[in-house]
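> Go by the hints and put chain F onto chain Y.
One line per chain: the protein sequences are Y and F, in this order.
Count the first sequence with the numbering used here and you get residues 30 to 460, in order.
Count the second sequence with the numbering used here and you get residues 305 to 562, in order.
Worth double-checking, as some hints may not be accurate.
Derived SDA-like pairs: lysine to any residue, alpha-carbon spacing no greater than 25 angstroms straight-line [stated by the list, open to error]: (1) Lys416(Y) - Glu376(F); (2) Lys416(Y) - Pro424(F); (3) Lys197(Y) - Pro39(Y); (4) Lys334(Y) - Pro398(F); (5) Lys451(Y) - Pro424(F); (6) Lys334(Y) - Glu272(Y); (7) Lys440(Y) - Leu425(F); (8) Lys283(Y) - Thr79(Y); (9) Lys269(Y) - Lys348(Y); (10) Lys55(Y) - Glu156(Y); (11) Lys434(F) - Val519(F); (12) Lys434(Y) - Ser448(F); (13) Lys334(Y) - Gly399(F); (14) Lys416(Y) - Leu375(F); (15) Lys440(Y) - Phe444(F); (16) Lys334(Y) - Thr451(F).
Among chain Y residues calculated to face chain F with C-beta under 8 angstroms, some are [unchecked claim]: (17) Glu402; (18) Glu403; (19) Ser409; (20) Arg410; (21) Met412; (22) Glu414; (23) Tyr423; (24) Leu427.
The hints are simulated quantities; they were obtained by calculation from the structure and are not laboratory data.
A virtual CB, placed ideally from N, CA and C, is assigned to each residue, including glycine.
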Amino acid sequence: MLHSLAKHAPESGNSTWNSIREDSLKKLNSIAFPHSRLEDWRFLDLRPITRTDFFPADEAGVLPATNAENYFIPESDRSRLVFVNGVYSKKLSSIGGLGKGVTVGNLSDYADNPSVEEYLNKLVNYEDDIFTEFNGVMLNDGAFIHLEEGAKAEAPIQILNLYTDSAKPYIATPRILVVAEENSDLTIVEDHVGLSANTYMTVPVSEVKVKQGAHIHHVRLQRDSENAFHVARPIAYVEKNSEYHSYTITLGGKISRNEPRVVQEAEEVNFTLDGLVLIDGEQVADTHSVLDHRFSHGNSHQLHKVVVNGKAHSIFNGKIFVRRDAQKIDSFQENRNLLLSDDGLVNTKPQLEIFADDVLCSHGATIGQLDPEEVFYLQSRGMTEEKAKEVLTYAFALETIENVKVESVHKLLIEEVYRYTKANNIETVNA
Amino acid sequence: MVLELKDLHCEVEGEGIEILKGVNLTVEKGDIHAIMGPNGSGKSTLAKVIAGHPEYEVTKGDILFNGESILELDPDERAHAGVFLAFQYPVEVPGVTNNTLLRESYNTIAASRGREELDPLEFEDYVRGKLDLVEMNPDFLNRSVNTGFSGGEKKKNEIFQMAVLEPALALLDETDSGLDIDALRVVSDGINKLHGDDDAVVLITHYQRLLNYIVPDKVHVMLGGKIVKSGGKELALELEEKGYDWLQNHAMVNGEAK
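With the rest of the complex left out, here is chain Y (with noise of 0.2 angstroms):
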């Protein structure tokens, strides 16, 4: 499938661009899609991306963004770059609100800016995998950020991927490249938004390079459409005494596949890698995450909390590697699932592989229902069972987003946990 369509692949950028596609052309060729007998891939059910026919944008016969203008952030304002199906558009961007020393376009405008030559497809690193090789032949457009060094982009840069209506399934490959340069301050809020109900498939791939000193606030959010597949690779790489804090919540699509990795370069970093997952009906949502502590002095914080409810199935993995060198490190994990039904899948699987001998490495799971006591408090209080259950739910969920400090995204994830608890008639628990 994937293969068919790589012959759809792009020709923008220069020579650089085309070897990549080239170069990841021949890799695809040489992969299988991945099936559930696969370690990485047991308990995920691929077969429904596999029976589904894909056609080329061009053929499958996608309808204009409707309504794009609900999806704006406030605080964006002129700091937005928007991308249809994965092609940029200028006309719902609006950028040049970020003052001195701040990069922000299309990166197929930027083909032969130095930073794109130097870190373009060489960050993103994840073996064998068919559907980086896929988004690095379709190489075409995608958010470039680029902070100059001592650089504070004034405002949260919105990067909103909007999906739309189409007749036939079609298949987009967004791409992010961020690049802080030594003690820059950047806020992302990465977005991707369904607009309709029609099946699609986004490929996104990012890649960030957070260098010595930088701070980057990376605010991860999947509202697809409820037919959708998502299947992310997000990759980050933290200098010395850099902090990388992202924040990942997974609200839409039938099957997502989300494969978050932070990469410690040198020592002194601090970087966190949390999730929200609040699924339904028969939503599945896969977490596969890989924290690699390489040098001395890390600190990490992961902390993953997901709700099911109908016949919903999360999935989770957590790696962490701490190498042989990389003493005193500090990290944290923690996978805490609710599950609201009886019909609801969890599995989770926190995997640690130390090395070194002098770190502390804390990590834990749960799965758990609403505890009853504490319905029946609230409900003493004079709150229904149904609000009770809703204001339970919800403060399992807030502290996961209590950390997003983009104002207008933290009420909007309020908002949408809020339309969760409600839209879902949460069955009774028993003890």
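Frame of chain Y; chain F shown alone:
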């Protein structure tokens, strides 16, 4: 009569184990009743059953509140009617502030009683006045419900909630347990100030100690899921002196509790 229990039997839902085995009790407006008894005698269960805990099923008898059966009411509907349970183990609710919970509670209860709801500012004024009753720091309003509170703070918070909600019937389940002597005095003073001619209080306690601070009109002793003896406040002192064994034997002789 605020509360009337008629031959109340209950068991744990689905398990068939009877816990209350025919409790009869009448509580008048303006009264304070104390229910005492050893562990496992059913006194905490009694409080939870009156408040409507779904874990228990009433198999026989009735609970009348202001003359009407409340058996078919959900816990929230009982709260709206004016029943309040101060929990033995108050639940932590991270992410929901005390203030939010109380305003939500106050307003739903107010609405169901036809009183005016308060907006956040009005509510703040209203609540400030109640804080002093239990000598609570206003900071507690903005903290998540019971989260990270000490045992004593949790109990104070229960009485604070009672102060805000002004129930017609307050069931206080071992409110004295886990309190040091200063906190016990504060909590007791608060309860005494809150109690008036229009409401009733049922204290559930192990120990006579609490009754030095809150003087009951009636004392009942529970054993084996029944009230085996009732009397005035002097009964508590007698119990303190003779222990529950005295009544255990008494009950066995009379064949009341098994």
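> Indicate, hint by hint, whether the structure satisfies it.
Verification of the supplied hints:
Note on Lys416(Y) and Glu376(F): the hinted pairing holds, with a Cα-Cα distance of about 19 angstroms set against a maximum of 25 angstroms. This hinted pair checks out: Lys416(Y) and Pro424(F) have alpha carbons roughly 19 angstroms apart, not beyond 25 angstroms. Between Lys197(Y) and Pro39(Y) the CA atoms are separated by roughly 20 angstroms; this keeps the pair inside 25 angstroms, and the hint holds. As the CA atoms of Lys334(Y) and Pro398(F) are separated by approximately 14 angstroms, the hinted pair is consistent with the 25 angstroms bound.
Distance check on the hinted pair: Lys451(Y) and Pro424(F) sit about 23 angstroms apart at the alpha-carbon level, within 25 angstroms; holds. Of the pairs offered as hints, the one joining Lys334(Y) and Glu272(Y) holds, with about 22 angstroms between alpha carbons and a cut-off of 25 angstroms not exceeded. Distance check on the hinted pair: Lys440(Y) and Leu425(F) sit about 22 angstroms apart at the alpha-carbon level, within 25 angstroms; holds. Distance hint between Lys283(Y) and Thr79(Y) is fulfilled; the C-alpha atoms sit about 14 angstroms from each other, no more than 25 angstroms.
Only pairs whose Cα atoms come within 25 angstroms are accepted, and Lys269(Y) paired with Lys348(Y) is accepted, the gap being roughly 22 angstroms. In summary, the hint linking Lys55(Y) to Glu156(Y) is supported, as the alpha carbons are separated by about 14 angstroms, within the 25 angstroms threshold. Of the pairs offered as hints, the one joining Lys434(F) and Val519(F) holds, with about 22 angstroms between alpha carbons and a cut-off of 25 angstroms not exceeded. This hinted pair checks out: Lys434(Y) and Ser448(F) have alpha carbons roughly 20 angstroms apart, not beyond 25 angstroms.
Proposed proximity of Lys334(Y) and Gly399(F) is supported: the alpha carbons are some 14 angstroms apart, at most 25 angstroms. Between Lys416(Y) and Leu375(F) the alpha-carbon distance is near 21 angstroms, which keeps this suggested pair within the 25 angstroms criterion. Distance restraint check for Lys440(Y) and Phe444(F): the Cα-Cα separation of roughly 24 angstroms lies within the 25 angstroms cut-off, and the hinted pair is therefore satisfied. Simply put, Lys334(Y) and Thr451(F) have alpha-carbon atoms about 19 angstroms apart, close enough for the 25 angstroms limit, and the pair holds.
At its closest, the beta carbon of Glu402(Y) sits 6 angstroms from a beta carbon of chain F; the interface hint therefore holds under the 8 angstroms criterion. With a least beta-carbon distance of about 5 angstroms to chain F, the hint placing Glu403(Y) at the interface is held under the 8 angstroms criterion. Using the Cβ-Cβ criterion of 8 angstroms, the hint placing Ser409(Y) at the interface with chain F is satisfied: the shortest such distance is roughly 5 angstroms. For Arg410(Y), the suggested interface contact is upheld, since its CB lies about 4 angstroms from the closest CB of chain F, less than 8 angstroms.
A cut of 8 angstroms between beta carbons decides the hint on Met412(Y): the least distance to chain F is about 6 angstroms, and the hint holds. The restraint placing Glu414(Y) at the interface with chain F holds, with a minimum CB-CB distance near 7 angstroms, inside the 8 angstroms limit. With a cut of 8 angstroms, the hint placing Tyr423(Y) at the interface with chain F holds, because the nearest CB-to-CB distance is about 7 angstroms. Contact between Leu427(Y) and chain F, as hinted, is supported at the beta carbon level, the nearest pair being about 4 angstroms apart and thus within 8 angstroms.
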